[in-house]
Each structure stands twice: as structure tokens, then as C-alpha cells.
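The residues making up each chain are set out below.
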Amino acid sequence: MRHAIVTTLGLLCAFGLGAARADAVDAATHEHAVRIAVGTCGSCHGPTGVSEQPKYPRLAGQNANYLAAQLKAFRGQTRGDADAIGYMWGMAGTLEDDTIDALAQYYASQKAARGHAGDPALVARGREIYEKGVESVGVPACAACHGPDAHGMGDFPRLAGQHAQYVMKQLASFQSNMRNVAVMHGVAQGLKVEEMRAVAAYLEAQQ
Amino acid sequence: MNLDRKGLAIAARILAPILVMLAAPAAQAVPSFARQTGMACEACHTVWPELTHFGRVFKANGYILDNLKQVRGVTAQKEEMLSLASLPPLSLMIQASYTSVAAAQPDSSGTGTAQNGTVAFPQQVSLFYAGKIAPHVGAFLQLTYGNDSGTIGIDNTDIRVTDLKVLPGDQSLIYGLSVNNNPTVQDLWNTTPAFGFPYATSNNAPGGSFGTQIDGARAQDVAGVTAYAFWNESLYGEIGLYRSAKQGTAGPLDSKTTGGVVDGTAPYWRVAYEHNWGRHSLEGGLYGATFKIFPDLTGSGYGSPLTGPSDKFEDVAEDVQYQYVGDQHLFSVTATRIHEKQTLDATYAAALAAFNASGGTTTLNNISNDLTTIRGNATYYYRRKIGGTVGFFQTTGSTDAALAPNSPDTKGWIAELNYMPWLNTKFSVQYTGYSKIDGLTTGTLGVTGRKASDNNTIYILAWLSY
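Residue numbers (the working numbering), protein chains in the order written: chain A, 1 to 207; chain B, 1 to 466.
DSS-like, lysine-lysine: derived pairs with alpha carbons at most 30 Å apart:
hint : chain 1 : residue 1 : chain 2 : residue 2
1    : B       : Lys165    : B       : Lys78
2    : B       : Lys78     : A       : Lys72
3    : B       : Lys69     : B       : Lys165
4    : A       : Lys132    : A       : Lys111
5    : B       : Lys246    : B       : Lys256
6    : A       : Lys55     : A       : Lys111
7    : B       : Lys69     : A       : Lys55
8    : B       : Lys312    : B       : Lys256
9    : B       : Lys411    : B       : Lys426
10   : B       : Lys341    : B       : Lys292
11   : A       : Lys72     : B       : Lys69
12   : B       : Lys385    : B       : Lys426
13   : B       : Lys165    : A       : Lys72
14   : B       : Lys312    : B       : Lys411
15   : A       : Lys132    : A       : Lys55
16   : B       : Lys411    : B       : Lys292
17   : B       : Lys385    : A       : Lys55
18   : B       : Lys411    : B       : Lys451
19   : B       : Lys165    : A       : Lys55
20   : B       : Lys246    : B       : Lys341
21   : B       : Lys292    : B       : Lys246
22   : A       : Lys111    : A       : Lys72
23   : B       : Lys341    : B       : Lys256
24   : B       : Lys312    : B       : Lys246
25   : A       : Lys55     : B       : Lys426
26   : A       : Lys192    : B       : Lys385
27   : B       : Lys165    : A       : Lys111
The set of hints was computed from the structure by calculation and includes no laboratory data.
If you're wondering where the values come from, they're calculated on a predicted model, not measured in any experiment.
Please put together the full structure from these sequences, using the hints given.
Here's what the structure looks like:
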């Protein structure tokens, strides 16, 4: 029952980002966005969105609508985790909607990469949580929203290949509500640190 | 070996600009960059002024990343004619300090000792314009009041024109020109002299007298144009030329210009490679410059028209930097070795003339000398809040009867503890210990029995930037 409520809430709210859509962009805007992506964003996220630094999320292959929604949340200063405040509020502060859409589509079109393989036992435990949730505390299966292969679904982000450190930090931010997303706050509240670590390790090992 | 008065005078004149420049403050990181980019200091700095990879790229791009609302001007053809930030990138910095030396320094009258425990309030106040000027032009301009000079003057300056090309495979090529007044102030790593540790030092503590030309000796004394390229944020190359650009001097440079004059132009070069993986960053590189200088032989200039032989200083340096930038723990190691080959034709010619005129009673300097400076530092910070640096430094070189009768060797170590309650405020305690100064373990500063360690210095600094 709790699983169903959480899932429904998630689908309804779509992380509060349901209105955000990455629209089609013209060639000039695309070129402008590529220049920003390679010349500015690339320093942290990698020129094609395959960040090698675990502090910064991998963006290659990410859901375009999710990316557009996040950039708009940074611009509107409504996403409040620490690195969003310190880095992305400023970085996205003056981005135009069409540039945001072009950036989102640029990263969505890039080839996603697999992360580190991780400890097999930890990855196996993470897979179990990802696919089945933690029934005893009402944590739903992550796969219900993020897809069976963690490639994301609808507006829910792709998680496969994401840096484990980044996933851990985001789960902590959901837990503390610094990143204020009701659905994920509920999910993260029920997870112990070792369970988060296992899920993060599993996700990082996927492609 | 005794140093006669003539030789001492020549040495003092050659070394004077070096001593002055070594006391010059290091360049700073400034909050106007944070205002302009909307990003916290941590994006560009581990702890300022040490740069992160992103900070290095920001600098290479010419300080132009701007996330503020712009006042724009465009033509009907969509050509951008103006892009002014809604806030000018201005910053203010103040340093206040206290310096205590292990044993009071000798009084300038030649007898007794000076007061020990010196308050500098302020030691330095600087006003910066640091940020974008136009879409492809940015600047780091610093005006400084120093308590030692009691005047306001130009400090480190770096004006850049840059552009970016996206190469096939989504690789980047940042390229541009830097016009600056301090060789290495434009460099991206914290291994090179202008932005190397220590970032602030006392301006009334003793120390070694000898340094290489590229090691700050020509800071704010020259102007140069350099061209650089940074490929894929990894491979960096730069070449340029510097020429004397004196401050406080009217008219063309001539026989009475103090502090030495560059003969023609001085070539500067730099190559470096940086590799980043995970939270790690590793850089290795080479840099150098060759200065031909008409020395200040008389204390009030070269003493004759600026032609004929000059002194040649060929500096070649290696550097390496490692950084680990975690959320909780930050660690970095920097090291550089600068080797200088000196060919002192002008100084020798003057010394030879004096030697002949005196009937052979004065001391001749060597025609050729060498000087090598090595510095290494390790820095740790916890949550960018509290941390410190330990390091060593040494300068060694050839003994010169006139210029460095006891050898130019200075050796010591330095430790600094920092507390940063906020990212733009730093409180430091720095300790510098010496085992040798100007080739002497005892008898330093011209005082019989004064040990090198008597010059050990405690320096307490409050450093605020807004």
C-alpha cells in the first residue's frame, strides 16, 4: 500500500518538475549550447557529460526533461542541496530557456558510460534494494520510477553509471530536505546508510 | 673572505630590486569573481588563492565567465557590441599583521637593536577590478597601499583576451593573450612564483638576499605580452616577451633609472600538462625566462647610457603539483626548482674598471654564477575551515667574492596554520625557521654571533576580502 502511494505521488509530482520539457532547438542555439557544455560545464562534468570526478554528476545520456527541470530549478534557486547552491545557482542563473533545452538535449544525446564495478557483495545487495525496495520500512523499489535498467523513465532521471559518491550525497540531501523533493525525502528517510551505499554502488556499476 | 666596501655596494645595488620585490605581496583571489559567477569560492579554490581545476580553466578563459544580468548592446546583425555586468567586479582586501623575530634585528644606525614585535595595520589594503570587461576580455587589476611604502601603487595586473574553440570530438581549445606585469602572475598553477606559497609574508622580517629573476625579482617592474593555449584542459603552452615598464619614473629609461633595466625584451615560456582523475589532479611542467639587464651599479642607475654589455640571467624551472579535493579533506603538494645561470658581463666590466682604477685593491665579481631555488609545500584543510601548510625552501649557488662572499645559500622551513570562519576571511599564524642565511649559520645580518635561527620569525596575519 505504502509502495503504491509513494509511486503514485512520484508519478503525479514527477519530482515537482512535470511542467519542464526540453523543447526542440535551432542550430544556432545548439551550437551555443555545445560551446557552453564543452567550454564551461565540461570542466566539472566532462566535455561530453562523462564526469570523471565523483563530486560532479555524470550527465551523458541523462533524460533531457529531467536535465531541463534541474537547470530551471538551479536558475530559480529552488534546488537547495549544498553543491547546487555553491555551484549551480550561479552557473544557471542567467541561462535562457532555449539554452537550457539545448544543453539538456546535448547531454541526453551523449553516450552514457559505465562507472566503477564496485564490491560484488555490495552491488548485489544494492541490486536487491533497487529492484525490490526495503519492504519492512516501506521503501519502494527504485526501479518502479527509475526503470528496471536505471535508465530513467518519463521525467525520472537516469541513475545507471552515476558516481556512487554523488548518489550518496543526493540521498543525504533528500533525507535532510536540503534538496526538497517530497517523494525522495520519503524514500531516503527509510534507508540506512549501508543500504544507500549498496544502492549507490549498484547504480555506479550499471550502464 | 672579506668583502670590500665597493663590492658590498655593488652587491647591494644588484640585490636591491630583488629584496624589494621579494617583500612584495602575493596576488590574491577575490570575492568579485564569486559575485560575477554566482559561485562560491570553493568552485575555483581549494582555499584561496590555490586554484582548483575549474579555477584554472576560469583563469585561462580570461575571468569572463559571468552569470550576472548584463547590459547589452547588439547590432541588427546580432553582433555583440557590449556586455556589461550589472555589478562592477570590484573587491577590497585588507591585511593586518604582527611580526616577531627570535632576536631583535640590528638597529639601522649600526649600533644596538631595533624594536622587536612589529604591528602592521594595515600591512596592505588592495582594491581590485577582477572580472569581465567585454565578452572576450577580462582583467585582474590590483591597486595596493602598503605600509612599507606608505603609497598606493599598481600591484599584480593581468589583462586577457581569450576565445574558445570546440574541436572535433568535443575537445576544447582555450587560447588567448595575457598582458601582465609579473612573469608567472598569469600562470594557472600554484607552483610558480607569483601565486606560490607562502601567499603572504611579513614585510619587516629578515631573510635571504638572493633570488632568481623569475622568482618575483621583476614583479611590477616589467610589462609583457604572452600568448597561450590550453588544449582539452590538459596541455598548456605559453610564450611571451617582457620589457621594462617602471613605475614612478618619468621619461625614457636611461643611465639614472634605478633597479636595473631590461636590455631589449626578455622571452618567457611555459609548458605544462595536467591530468585529472576522480578527486585527484596532477600537474607537471617547465617554465623559464631569459633576462638581459643593465644593472643598477651606482644605486641611482646603471651610471652610463644603456648600451654595451648587460648581465644575462637564464632561468629554467620545473614544477609539479598534486591536489586531492574532497568535501571534507583537501590535500595538495606543490614543488618547484628554479635554476638560474648568470653571465654578469656588465657588472664585471664595471668591477674591472673600478679594479684597474684602484690599482687592484677592489674585489672582482665572477663573470658567471649560478643560483638554484627549491621550494616544496604540503597543505591540508579540513572542510576548508581549518588547515595549514608545511614547507621547505632553499637557495644555493656559487660563491662570488664580490657579490656572495659566503655563498648565496639560504635554507629553512615554514609552517602555517590557518583558520577560516568564513570563506573570505583567513586568520594565520606562520613560523619561518632558518638554518642558513646568505651562506652564514652565524654572523647573519652583519652582526657577530647572530645565528641564522635568531632570524626565525612568527607572523600573525588577519586577511579579509570582500
